[in-house]
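Trainee: For chain F, the structure is supplied; the task is to place chain G on it using the hints.
Line order of the protein sequences matches chains F and G. Using my numbering, read the first sequence as starting at 1 and increasing by one per residue. Using my numbering, read the second sequence as starting at 1 and increasing by one per residue.
I should point out that these hints are in silico values taken from the structure, not numbers from a laboratory. All figures in this text were calculated on a predicted structure; none of them were measured in a lab. Fair warning: there could be bad hints in the mix.
To be verified - So the derived list for chain G, only partly shown, Cβ under 8 Å to chain F, looks like this:
1. A183
2. S238
3. P325
4. F367
Heads up, the beta-carbon is just placed ideally off N, CA and C, and yes, glycines get one too.
2 protein chains.
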Amino acid sequence: MANSLAGATQDEVRRHNLGNLLQLIHVHGATSRSDLTALTGLNRSTVGALTTELADAGLVSEQAPVGRGGAGRPSIMVRPQTQRVYVLALDVGVDHIIAARVGLGGEVLDRRELRQSRGDYQMSKILRHVEQLGRSVLAGASPDSVCVGIGAGVCGVVSHADGLVRFAPNLGWVDVPFGTQIADRLATTLPVVVGNDADLGAIAEHVRGAAKGSANVIFLSGEVGVGGGIILDGRPMSGAGGYGGEVGHMAVNPRGRLCRCGARGCWETEVGEEAALLAAGRPEATIEQIVALADAGDRQARAGLRRVGGWLGIGVANLVNLFNPEVVVFGGVFRQLFPATETMVRAALGTALSAPREQVRLALPQFGGDSTLLGAAESAFAPLLDDPLGALAHGSVRLRA
Amino acid sequence: MANSLAGATQDEVRRHNLGNLLQLIHVHGATSRSDLTALTGLNRSTVGALTTELADAGLVSEQAPVGRGGAGRPSIMVRPQTQRVYVLALDVGVDHIIAARVGLGGEVLDRRELRQSRGDYQMSKILRHVEQLGRSVLAGASPDSVCVGIGAGVCGVVSHADGLVRFAPNLGWVDVPFGTQIADRLATTLPVVVGNDADLGAIAEHVRGAAKGSANVIFLSGEVGVGGGIILDGRPMSGAGGYGGEVGHMAVNPRGRLCRCGARGCWETEVGEEAALLAAGRPEATIEQIVALADAGDRQARAGLRRVGGWLGIGVANLVNLFNPEVVVFGGVFRQLFPATETMVRAALGTALSAPREQVRLALPQFGGDSTLLGAAESAFAPLLDDPLGALAHGSVRLRA
Numbered sequence: 001m002a003n004s005l006a007g008a009t010q011d012e013v014r015r016h017n018l019g020n021l022l023q024l025i026h027v028h029g030a031t032s033r034s035d036l037t038a039l040t041g042l043n044r045s046t047v048g049a050l051t052t053e054l055a056d057a058g059l060v061s062e063q064a065p066v067g068r069g070g071a072g073r074p075s076i077m078v079r080p081q082t083q084r085v086y087v088l089a090l091d092v093g094v095d096h097i098i099a100a101r102v103g104l105g106g107e108v109l110d111r112r113e114l115r116q117s118r119g120d121y122q123m124s125k126i127l128r129h130v131e132q133l134g135r136s137v138l139a140g141a142s143p144d145s146v147c148v149g150i151g152a153g154v155c156g157v158v159s160h161a162d163g164l165v166r167f168a169p170n171l172g173w174v175d176v177p178f179g180t181q182i183a184d185r186l187a188t189t190l191p192v193v194v195g196n197d198a199d200l201g202a203i204a205e206h207v208r209g210a211a212k213g214s215a216n217v218i219f220l221s222g223e224v225g226v227g228g229g230i231i232l233d234g235r236p237m238s239g240a241g242g243y244g245g246e247v248g249h250m251a252v253n254p255r256g257r258l259c260r261c262g263a264r265g266c267w268e269t270e271v272g273e274e275a276a277l278l279a280a281g282r283p284e285a286t287i288e289q290i291v292a293l294a295d296a297g298d299r300q301a302r303a304g305l306r307r308v309g310g311w312l313g314i315g316v317a318n319l320v321n322l323f324n325p326e327v328v329v330f331g332g333v334f335r336q337l338f339p340a341t342e343t344m345v346r347a348a349l350g351t352a353l354s355a356p357r358e359q360v361r362l363a364l365p366q367f368g369g370d371s372t373l374l375g376a377a378e379s380a381f382a383p384l385l386d387d388p389l390g391a392l393a394h395g396s397v398r399l400r401a
Numbered sequence: 001m002a003n004s005l006a007g008a009t010q011d012e013v014r015r016h017n018l019g020n021l022l023q024l025i026h027v028h029g030a031t032s033r034s035d036l037t038a039l040t041g042l043n044r045s046t047v048g049a050l051t052t053e054l055a056d057a058g059l060v061s062e063q064a065p066v067g068r069g070g071a072g073r074p075s076i077m078v079r080p081q082t083q084r085v086y087v088l089a090l091d092v093g094v095d096h097i098i099a100a101r102v103g104l105g106g107e108v109l110d111r112r113e114l115r116q117s118r119g120d121y122q123m124s125k126i127l128r129h130v131e132q133l134g135r136s137v138l139a140g141a142s143p144d145s146v147c148v149g150i151g152a153g154v155c156g157v158v159s160h161a162d163g164l165v166r167f168a169p170n171l172g173w174v175d176v177p178f179g180t181q182i183a184d185r186l187a188t189t190l191p192v193v194v195g196n197d198a199d200l201g202a203i204a205e206h207v208r209g210a211a212k213g214s215a216n217v218i219f220l221s222g223e224v225g226v227g228g229g230i231i232l233d234g235r236p237m238s239g240a241g242g243y244g245g246e247v248g249h250m251a252v253n254p255r256g257r258l259c260r261c262g263a264r265g266c267w268e269t270e271v272g273e274e275a276a277l278l279a280a281g282r283p284e285a286t287i288e289q290i291v292a293l294a295d296a297g298d299r300q301a302r303a304g305l306r307r308v309g310g311w312l313g314i315g316v317a318n319l320v321n322l323f324n325p326e327v328v329v330f331g332g333v334f335r336q337l338f339p340a341t342e343t344m345v346r347a348a349l350g351t352a353l354s355a356p357r358e359q360v361r362l363a364l365p366q367f368g369g370d371s372t373l374l375g376a377a378e379s380a381f382a383p384l385l386d387d388p389l390g391a392l393a394h395g396s397v398r399l400r401a
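So that you can see chain F by itself, here it is in the shape it has in the complex (with noise of 0.2 Å):
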């Protein structure tokens, strides 16, 4: 049991508040003193009190509402200083670098994006192009503005402890300790958060895309591999060691083919960019190509559509019955597979038990392939939300764009 309120101090309760408030803020943007008054259950002078503070530190800034709806005083207006206040995002996938500025409020502030060709996965090339794209998104911030983290998104198996990055079977990195390697290039003292893309992709969902509003979330991602993120009651699902989730290794398919994990018939050898394009007998095209065939009546592509579907739909069958969803979000190359094949999951779908059936929806994610990006701003906004002005005083070391 959480021994949450035992023992707090009343400036532990206060920085408690202040956190909360300005998760509030950060989430809903602009939002009325009195709104902030219900939201929380605080009295009106404490949150005043509050939010002037976070306003005197820069982080929100507090205006009177310009017309007045209904009755009673207008209540102050207060939001994010989205320009003032920012993280570094960061996604490295098996084919694109993404770097981008990610307001207060989560609002991409700047953006730049590098296509990579696959397998050309030097440590040190992609080292340097994370600091040219970093650097260059951080070059357009304003003197005044001060960079509060770093978050990045790999799509391998991430530590929860200490950020390393344990396995990217399709970067072909073991142990690689890229947090620490993302700080030494941008010469940078700022806490730099680093996930797996699928955990992020999940968070940015749940707080403010396709999941929103629901509690337990299933985000699929993948391009080579198939990763997946969790949300269980409102929280990402770690595990013991923040290796949770890898449901690109389900067993599914014992006759099937053997895995880059080595074992054999994982899920992703089945549903993988790789698997769709091999079941539609065209392995150098692209997903795109695949679906463009399909709909123009190309038999081979169908038949790999429906292959691929009918798999698709018994993962998701398999992590209905486990895991108890209320929605499930198809990310990455899911995002061209799930329509074209939506017919054949939902039929597979079928078998699972109804009761967790019942109550599941598939959808797609709102941020498109921004998912992982705007999770990793999240999880880079993370300390600042648990403890504003503290997290202030650590962390203002202004990055050197």
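Mentor: Then chain G, alone, in the frame of chain F:
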């Protein structure tokens, strides 16, 4: 983000602290006031005032220690009133009904078991047995003791919100309001908490059994069907409706047999009791007999166990990749099957990703066949531990035994 501190009144803090202390005493047994002070972070005088309040309510007893070990004043010992405060715990499985009186602190005060023959699951008959066993164990309680709740475990899919048994294929139940029926039979207004057998087994082994001290736990149970109880980050996983953890219905073998649930190749069709007996070529035998035959060198029994062990390991590897647990506890029929197939299970587990695999421990339940029963007791105690004085005020209706 939880809003646990904001807006809490002094009375709420006090109730929270009372619950926290009683929880500690319930789990740890007799604990000194100075240890409680250290464990809660509350100050000494607050702990003294609160334990006095718990003692006045009859929930704990306070006593100066007899000897004095080491320096300083000896600290007053606080003990749970095990004989005076108890719950009624029930476990309804496919071949047994168990009822027990379990005292605060987790001690089994009285326990009665009825073996039932399979397939004969008339609801009225089960309820009659539950009533008889329940009244029988309650009759042994002393007149100055009080029953604070009832918990029941069932091998089926149970709705978190209302305790409705949605689907118990191996009992032949669909949408059975078992909690209400128990309360009616026992003519009580006490709360009756109904839970899935595996979920409750996980709680008991997590709180005070083989998985004590581990925050991420999977408890496997099963007689005819196979269930999973999952604890993540110290909290039972429930999913949107309480239906999560249906590990028996992971599709692992697309060429497998048809499952009771209607799908093909579910894990329980490969590793459940029936599957093991079929694999050993002796559908009429018991698992104990198969294991004994294999030990005696019977070829078919050995081949059957090898087959089941391989599938057991494949499923456990899936769970390790998905949940990254510290412990997997083999309850139910796996109490026999796991020791008999451990080599095969560990070999198949070798296909899990190394990062989560390195962290997992395989264990047998500390409570033998009583994990579910004791978990039902824990769930029955939960309202009392959440708000001791409030629950006692509302729930102190003595059961007529």
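Trainee: Against chain F, with CB atoms and a cut of 8 Å, does the hint on P325 (chain G) hold up?
Mentor: holds (6 Å)
Trainee: Does the CB of S238 (chain G) sit less than 8 Å away from some CB of chain F?
Mentor: holds (7 Å)
Trainee: A183 (chain G) was flagged as interface toward chain F. Is the shortest Cβ-Cβ separation under 8 Å?
Mentor: Check failed: Cβ of A183 (chain G) comes no nearer than 23 Å to chain F, outside 8 Å.
Trainee: Return the status of the interface hint for F367 (chain G): holds when the least beta-carbon distance to chain F is below 8 Å, violated otherwise.
Mentor: violated (21 Å)
Violated hints for the displayed structure, listed by number in ascending order: 1, 4.
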